[in-house]
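There are 2 protein chains.
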Amino acid sequence: MDALERLIEGLQRAENVEGLQASTEQLRDHFAVRHVIYHWVNSRGERFGAGTYSSQWVDRYLERDYLRLDPVIFGCFQRFTPVNWKELDWSSKAARAFFKDATEHGVGNQGYTIPLRGPKGQFALFTANDSCDDEQWEAFISSNARDLMILAHEFNKKALEFETGADGAPAPSLSPRELSAMTYLAKGFSRAQAANELQISEHTLRVYIEAARHKLGALNTTHAVARALASGLIVV
Amino acid sequence: MDALERLIEGLQRAENVEGLQASTEQLRDHFAVRHVIYHWVNSRGERFGAGTYSSQWVDRYLERDYLRLDPVIFGCFQRFTPVNWKELDWSSKAARAFFKDATEHGVGNQGYTIPLRGPKGQFALFTANDSCDDEQWEAFISSNARDLMILAHEFNKKALEFETGADGAPAPSLSPRELSAMTYLAKGFSRAQAANELQISEHTLRVYIEAARHKLGALNTTHAVARALASGLIVV
DNA sequence: TTTATACTCCCCAATTCTGGGGAGAGGGCC
DNA sequence: GGCCCTCTCCCCAGAATTGGGGAGTATAAA
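Heads up: the protein sequence lines correspond to chains U and L, in order. With numbering that gives the first Met the number 0, you'll find the first sequence wraps up at 235, consecutive numbering, no jumps. With numbering that gives the first Met the number 0, you'll find the second sequence wraps up at 235, consecutive numbering, no jumps.
Worth flagging that the hints you see were computed from the coordinates, not collected in a lab. There may be inaccurate statements among the hints.
For identical chains, the list gives no copy identity; a pair is met inside one copy or between any two copies.
[To be verified] The list that follows gives simulated cross-link-like pairs (lysine to aspartate or glutamate, EDC-like), each with its CA atoms no further than 20 Å apart:
1. K186 <-> E209
2. K92 <-> E8
3. K186 <-> D100
4. K92 <-> E14
5. K186 <-> E134
6. K156 <-> E209
7. K214 <-> E134
8. K156 <-> D146
9. K85 <-> D64
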């Protein structure tokens, strides 16, 4: 049994967020880095995190609404693949100030973050952070990227278990016509245009939209489209 | 250099979709399974696939619009974690007929599919398929799940390189107010409600919505919200 | 066979959204 | 200091969407 497997086993024993917390500490020691952080946004947009950052830094981060300008958050939100912090856009004044503040609160200057996404807009970031020069960090990444990737997924699996109510709504199923209707609306078609595309009367189209709205528990059409999109029921 | 690294190297040499195709064949032989498939939907909703399925089966699949009812596609679309095909919902008549048709065209009865998602609605499936009994398949999964996960990500990285035009639009940046406006609309608020939440006049809110619409190149509000959502600019 | 879903069509009136236009104050960037 | 972007407010009339309601046929599940 190798070290990675032992780490994963430790993680799998976690029964709550504190357990994840303990795992990040274990990982930090294993990789001999300064910090390991797992940050997660669930399908209701609620955020939580587990990591080795000092509580002062976490509080300061939330207090100052750094989420809004943190290039790691913003950059990873648009990305697909793991990212070395050095590749991100730190050009804005606010970003540089944020970085300075972070290093002054114990955050290392190097970071590697793996973004992961779920079907309902869930979004998770798994980060390793350390203080060293660029070359050392590159070496660290190239030798550990795969393990970190596996661990990121394991964290995700665990976080998913903690999702209260097992995802709440069990994903309403829309009929093919309803899905088509939602898709056309998401593409910017008006009802008349969408009805025309589907070769049905606009009245009929409306019935589908309303049915979809009810199934999705949406307050209006835009809401319904947003939910269908966020649930992965349709793709634009 | 272990076998996994050699496989990844081969994959990284791929310069086009045919290269990916060759890699799937290499993987099939390495894992000694019947099929390996990488299926990808890019940000414009265009699909493509690389895999070892027979061309007859691929044609038949597309022709019969099996995408609509394939439980693997549908199931993975809603999921976060890799899935053993046995866990999917094969209860509907259509699904069972599809499965029968698949096995008659060379598809093995066992499968393991890893879903991956990108920030703009990109969606990829990496699948290993074989014909054996449940126990053998479980054993295969438990010993190869991690390698498959790593490979899935490598495929993704490669597929991303092939995205023409480097993602086309470089993600328009919306102002904080515009983002808030889009977010409230995505949550189902009417303009009046959203304006109230933001403590601004409805007229002002409208300006933000229109600005966002223009930046996003959207045809109407619903379209704008859909784009903002699909671009990962906002989360519901 | 019965039940359920999905699909298609139609009515109405109230509400909301959409298309432009203009204008002033404040902030950050070069 | 000048420029650009953001934020805030306002006008109007026409077009579109939304809230319910009902009702028939066909196909699929129990």
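Checklist entry - Hint by hint, which ones does this structure get wrong, listed from lowest number up? => result 2, 3, 4, 5, 6, 7, 9
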